[in-house]
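Student: With chain B's structure known, arrange chain U on it following the hints.
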Amino acid sequence: MNQEAQAAWNQANQLANAAYHQARRRVTIDPITRLEGHGKIDIWLNPEGDVERAYLQIPELRGFEVFSIGRPAEDMPQITSRICGVCPTAHHMAATKALDDLYQVEPTPTAKKIRELVYDTFVMEDHALHVYILGGPDFIVGPEAPAELRNVVGVIQKVGVDVGKKVISMRRRLRELITYFGGKVIHPVLGLPGGVSKGLDPARLPEFKQLAQDNLDFALFTLQVFKDIVLKNPDYVKLITSDDYTHRTYYMGLVDANNRLNFYDGLVRVVDPLGKEYAKFPIQKYRDYVAEHVEPWSYVKFCYLKPIGWSGFEEGPKSSVYAVAPLARLNACDGMATPQAQKAYDEFYQTLGGKPVHHTLANHWARVIEMIYAAERIVELINDPQITAKDIRTIPTRKPSVGIGVVEAPRGTLIHHFETDDNGIIKMANLIVATQNNAARIAMSVDRAAKGLIKKGMVSGGLLNKIEMAFRAYDPCFGCATHSLPGHLPLTVHIYDHRRDLVQELVQE
Amino acid sequence: MFTEATAPGVDRPRPMAPCSEGPEPSKPVLVLGLGNGILCDDSIGLRVVRAVRRRLAPTAPVECLETEEMGLALLDFLVGRRDVVLVDAVQTGQIPVGQVQVIEGSELPALSQGSPHFLGVGETLALGNALGFPMPQRVRIVAVEVQDPFQLSLQMSPAVEAAFPGVVDRVLAVVRDLAGA
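Line order of the protein sequences matches chains B and U. If you want the working numbering, it's the position in the first sequence, counting the first as 1, plus 15. If you want the working numbering, it's the position in the second sequence, counting the first as 1, plus 889.
Chain B with its partners taken away, still in its complex shape (with noise of 0.2 Å):
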């Protein structure tokens, strides 16, 4: 080979491996390949080595729609309550609603009443769960308190081992009732369109009666346990009113014809950034208000509220992002439709400053006090004389086309809409699960920390844990398929400085 062209050869290579270099660059930091199934906190520096951006990514359910096309819309209270191991009864319900709209069919009173009741025993299930077991490291424990003390065992040596052997027989109880409709949890039988499979037998009143008496009573203890451990805490008082998980965004809940929270039915209310009612919706108008924004850099879908348009991971009344769960239900409504919960609301934002709350971590308060409404509203229900009335159906006469079913899971808002074909056989199917709707929240959080804890390429000592503790204050769906093994979302965080190069990582272990 003659010179030139050798040096042209040489130069042509060059380009063409400096290309390809650039080009797999950017296919190991494309998000689409990258491995799923951990939290991936992704954090881009400037040149200055300041954070320019930060971002948090869930793992999400993909697939849905594929999945459901050609299916009988009738299946999909059982098939969806297979998605989430923690929620089945969540999925189910939102499904079961969705197929009512899909056959225009008003379920009877006795079914709505039942409904509600197996729901609000799950939230209160679900809630005691959460309490007990999750947030009760970070604020029963104290956040002060050693490591090896906040987990669970340290939660039980601070409440006691009676407080702990209680909060499982609760719970083996509540789920005996939800058994009792619905036969198995993840494969339950309770929801059909117009109404439910089972009534209550009368010979079984007296029993569930008690369990909602045992029932309130633990809720109200909760509460207490609660006051006498977290609030008498200066430091854990001082850490929920903290900046670093407050933003002021807006907060949607489903309420009732009073404007009172419930988590079974109702219509879609959003207060904006200072308290002021923005909307309020039935569910079928639910596109008008709620759209997708997908980022370039991920394939997390980020709900926002379409008639104020996309400006970024802002806060703020001219901002879309809102939130949803307990302290977003507690905001979005004007009080709780029972006594002790009201009691329960007005301590808590008396001692807060007034509606709305912005404090993330103010949600774990929030959840108690929910429970405390749930189990009144038990009550309520399985004293109702029409509870074991016969009429559990009314039958569908109408073609089905279009159905869109919304409850308050326990971490927030959710909503079933599906649309067939005049058999009944899906042709497009959507999901919208609780955490969508705190997805630019939650990445509002994990910038906010990031931020503050990277200078000039430095990473302080306690951003994993401080981004942790977010994510648990989120309490995000989709740990569904991390489940037992290491039980949490592992979070793995990725800094890349302003040429894209990775620099450093860290393991949540």
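Here are the computed distance ranges between Cβ atoms for each label pair:
| id | chain 1 | residue 1 | chain 2 | residue 2 | range |
| --- | --- | --- | --- | --- | --- |
| 1 | U | P947 | B | G175 | 39 to 47 Å |
| 2 | U | E993 | B | N28 | 49 to 57 Å |
| 3 | B | E67 | U | Q983 | 24 to 32 Å |
| 4 | B | G472 | U | E993 | 34 to 42 Å |
| 5 | B | Q225 | U | F1022 | 21 to 29 Å |
| 6 | U | Q983 | B | P62 | 26 to 34 Å |
| 7 | U | E993 | B | Y364 | 46 to 54 Å |
| 8 | U | Q990 | B | L289 | 48 to 56 Å |
| 9 | B | S475 | U | Q990 | 27 to 35 Å |
| 10 | U | E993 | B | S475 | 28 to 36 Å |
It should be emphasised that the hints constitute simulated quantities derived from the structure, not laboratory data. From the three backbone atoms N, C-alpha and C, an ideal C-beta is built for every residue, glycine too.
Tutor: Chain U only, in chain B's frame:
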């Protein structure tokens, strides 16, 4: 009505009941498959345990169960057993898809500092012990590295499917080791 039979290649899950319910004393060794039957590779724990059940003699002191539940449900299964083998999908990104790690329960980060979601095995064991329940002496976790536990699908990925017989053999070896001891 939806049934497993509508999906080819997927067995009907066997009825699953925690050991504390039921008239007979529970067998000392429990093999428990964890997973989600409609989330692609996340079903491997369930499928493996079904296959293991078919291979074990009915007289073996081993009970094979599956569960799709999370949270405190695990506690119900563990209480009162002498030995437990858990089979579950993991995604560490550190080993090839289909490969298996066998982890001792005692080695687990029993008390991770607050789990963002629900109790892991380590925490469940610690909780049971703290409450004074009779917890298993030995827990072995067979963790299968999977490719895709997030896609709604009744089929597993080809790579995981290919590794399936080897995983079953591995679990059987662990079970026989515990049951024989």
